[in-house]
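Asker: The chain contents come next:
There are 4 protein chains.
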Amino acid sequence: MKNEASAILLISCPDQQGIVCAVTDFLMRHNGNIIDLEQHTDTKEGAFFMRVEWELDPKASGGAGGFALPRDQISSMFRLIAECHQMEYELHFSETRQRMALFVSKSSHCIHDLLARWHSGEWNTSIPLIVSNHPDLEPLAKMYGIDFEWIEITQETKAEQEAKIIQLLKEYNIDLLVLARYMQILSDDFCTHFPNRIINIHHSFLPAFVGAKPYHSAHQRGVKIVGATSHYVTGDLDEGPIIEQEVMRVSHKDSVESLIRKGRDLEKMVLARAVWAHLQNKVLVYKNRTIIFN
Amino acid sequence: MKNEASAILLISCPDQQGIVCAVTDFLMRHNGNIIDLEQHTDTKEGAFFMRVEWELDPKASGGAGGFALPRDQISSMFRLIAECHQMEYELHFSETRQRMALFVSKSSHCIHDLLARWHSGEWNTSIPLIVSNHPDLEPLAKMYGIDFEWIEITQETKAEQEAKIIQLLKEYNIDLLVLARYMQILSDDFCTHFPNRIINIHHSFLPAFVGAKPYHSAHQRGVKIVGATSHYVTGDLDEGPIIEQEVMRVSHKDSVESLIRKGRDLEKMVLARAVWAHLQNKVLVYKNRTIIFN
Amino acid sequence: MKNEASAILLISCPDQQGIVCAVTDFLMRHNGNIIDLEQHTDTKEGAFFMRVEWELDPKASGGAGGFALPRDQISSMFRLIAECHQMEYELHFSETRQRMALFVSKSSHCIHDLLARWHSGEWNTSIPLIVSNHPDLEPLAKMYGIDFEWIEITQETKAEQEAKIIQLLKEYNIDLLVLARYMQILSDDFCTHFPNRIINIHHSFLPAFVGAKPYHSAHQRGVKIVGATSHYVTGDLDEGPIIEQEVMRVSHKDSVESLIRKGRDLEKMVLARAVWAHLQNKVLVYKNRTIIFN
Amino acid sequence: MKNEASAILLISCPDQQGIVCAVTDFLMRHNGNIIDLEQHTDTKEGAFFMRVEWELDPKASGGAGGFALPRDQISSMFRLIAECHQMEYELHFSETRQRMALFVSKSSHCIHDLLARWHSGEWNTSIPLIVSNHPDLEPLAKMYGIDFEWIEITQETKAEQEAKIIQLLKEYNIDLLVLARYMQILSDDFCTHFPNRIINIHHSFLPAFVGAKPYHSAHQRGVKIVGATSHYVTGDLDEGPIIEQEVMRVSHKDSVESLIRKGRDLEKMVLARAVWAHLQNKVLVYKNRTIIFN
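Residue numbers (my numbering), protein chains in the order written: chain X, 1 to 294; chain D, 1 to 294; chain A, 1 to 294; chain H, 1 to 294.
Bound-form chain X, shown alone (with noise of 0.2 Å):
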């Protein structure tokens, strides 16, 4: 989509007066040229969010010369400036191919959509592995020639299988666990390993029919309307701050069964737009609630 490289500063800290113009006068002083900025104020939290974007190679800004500052400095550098204003911020460079592991169970919709995506070169990331708490999909894993571990979980090998998928996780250097509809609920001691950095694909529209089987809750209920949650995985189980959401109408007419197969496309599709919302950097999580800039 974008080939030129550019920089990509989250930030968030205390409102307050001046806050723009201090990073946009940092980008300025040092020749960047800006391609993208958002921000937005919360003024009931007195909080201030900001995203902002530029170019970093001197093609690209039609021959003005580029951002002055070599890429390992800008985050020192930037610092200054933070420090100033009490920013929490994040350096992200768009030429950073993401690592991603997808943790799945049986069913395939969702990793088969994120691997076509991938496969198609569709998201520029990686996906060298694929875990499991069943053997089904390794067929499927070898024919997109991924790697695949089947790692049981019970009651009592919880502990001892999720410290094997971290260290797991550290030899394939992942960046972003994706649950595409993996179901084994992660301990707290695990979630907490990866903050922001778990995304699941909750069936249903949430906190409506939180827990398992929210299509035959919904169809009880006789909603009019079903939907699906992609979030960052907490501790607290369907709890954690919602990335994005999708709803498509039903009607007396559809079964249990026919929720369970309409609701497939909305759930590969939300779980889609939440992990590429990740990956352009372009989620900040605040209070258990998230800032999807545009």
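Bear in mind the hints are in silico, worked out from the structure with no lab data behind them. Here the structure is a predicted model, which is why all the values come from computation and not from measurement. Glycine is no exception: its CB is placed at the ideal position from the N, C-alpha and C atoms. Check each hint, because a few of them may be wrong.
Said to hold, decoys possible - Cβ-to-Cβ under 8 Å is the rule here; a few derived chain A residues that face chain D: (1) Gly18; (2) Val20; (3) Cys21; (4) Thr24; (5) Met28; (6) Ile35; (7) Gln39; (8) Thr41.
Use these hints to put chains D, A and H onto chain X, whose structure you have.
Answerer: Just chains D, A and H, lined up with the frame of chain X:
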């Protein structure tokens, strides 16, 4: 819309062979021209539902003579068929002008919308009465020349005041009660007087965010979509059969105030659609769920 | 989804009294248990349409014996009824596994999605053949073990190459042709070989933006919503009967590239829904419009 | 909604480094507390757009003193910045109550909706005048106590009558003209008097179905989705910059009459959203397209 007089049968019964055949045979034997037929079988419940609408008058069916039974004999004649198949049924006539009472408090967006539909002739209905627990909207009622009854309700006066309302509804010969953001909970006893004849609008996508301040809760949870729900009122608050729902996309940019503002448009649209479906005799209730014929 | 064998009749005829009665009477006389019946009367056209589905096997109807006619006699027996009412009808069996050929060029998002549905068993269909005017997607076909035929087409070779394709489709015994972003216009003559059996996906909300570069046109016009359209292919480019459409909201922030990227998700979803409706025998074509039973 | 007084700058200029910095520096130097800032760079056009809103009064900014420039000096002070960067800009104040004239013919659904928003205080606007080429809606205007001018227009009287309307708009000091299903084409000359100040609602999803009978055309084509479009009026009929669009799903069951009935709800919603965006000073027009700030 439809100028021709038609009759409508709403039928529910245990699923069994030959029901459609029996009903359509009955209509054919009396020269009935079907203009709409929709059936639904709930195989899990073993239940059958049907709505059939047919022309009554000669001219409409192109000289073919019209339905052979006079209006006041249809029900008794159909009863013979119904009893064979353990059917429950309702018979309606499209020419009937239903009489609605609107219940309001202080918010006017829903009532404004309903009054406009009536006033412009979009809906073939009567609105002879507006009931409120606050006096604020009396001027609006007067603008439209509609009687306005201000009936305050406190914990202590509830039984007495509800009795007064029931008396009023009888006097005005009301068919349908529409709670257009009426911020007063009706007692169990009151509800049982009007089964499937009270329609409420709840300002959330039920069953998410039941209760009093759904937009605050939605904001707090950080959802990306909010909704509104219209349902028949039963003794269980926010738990009655859902007739219609609609949603809209929101973002971190929406404050609670913004959700409330945008939500008004959802609420009035959803309530209007639910009332319209009811007025068209397109709603059947079965085990706290609705079948909405198309 | 549905394990039980069922039969489906799709009927269209001039509107007249007694049609539903005649059809349901036929089924009842042969002990047919209807599981779905939907009818539509187009009063303006004076045309009647109906889809009825009933169980075939004994066990399904709870010991009631099953449909009394053998599969191969249903059509000839029903013909007597059909002739009385000038019906055109199609008889289908749910157990039939339709054979699809996919037509592609270079884009893989639609074919990836269709293959995943087949491979995961979501769709009870066969995909024995992929045809393309480019060699690019042959590796993908091989991954799934499907025959791939690269058939280049130029102005000069069109007639000859289309004849070759027709020959292939016969050899592979293909029921349905799915153009999954096949960037080659089929000749009038080719289309007439497969009436209502070629499904295409067009990357705009038809009839807006016909032709080759709809996302560029949409961007140029500054629309706030873009769409995708799936339709049966006729000799008139982009003018065949529409089966399904879907849209999504866009903004001034979306470049042409962004529209193309987002549009891919629309396209694959819309195409899949259209093919699914066709596979379920839920589509009737009448005067270049479709009736889509629910 | 927002009680605090704020100022809004809408800016467009050739894309270049340092614009955000220059604007925010200007605000900071005068003690301006930014409450919203959104920018957009159209890289293809080499154009930059920005909307910034900041607080004016002391109390709002928590004792910080308020914006240091008096309202009537802001524009002239900002001009210095603007000229350095070849900016075009508009300065607005949130406390300004815009004056709208509504143009109608016979349909009342849009005007009913707009009047309700004004009457209930949802919109902080004035509606002193309703203009119509038919007398039908005069009683409605009277109900709301608004002046109603019946100005018939024929081919022959058009120039003269439009002159009369322009005169009226001047007398009433009208800021914004809203064509709420006004079935009369305004002349090129008339339009040039009110650039980006006339908002129309067209009852189709433009550019599909331009012209007079879009629902008939939509029905004829058999589309599965219909829409409505609100746009600024220019001399080119139905070709002005699109502000807002919305769609809804329809089916073969919808007759033309049913499309018209359902479409009314779309039309009034889309028109209201477009007018609201305009009233909030969130719309910029560039080369016949709109930038809609969020």
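Asker: Which of the numbered hints above does this structure break?
Answerer: none
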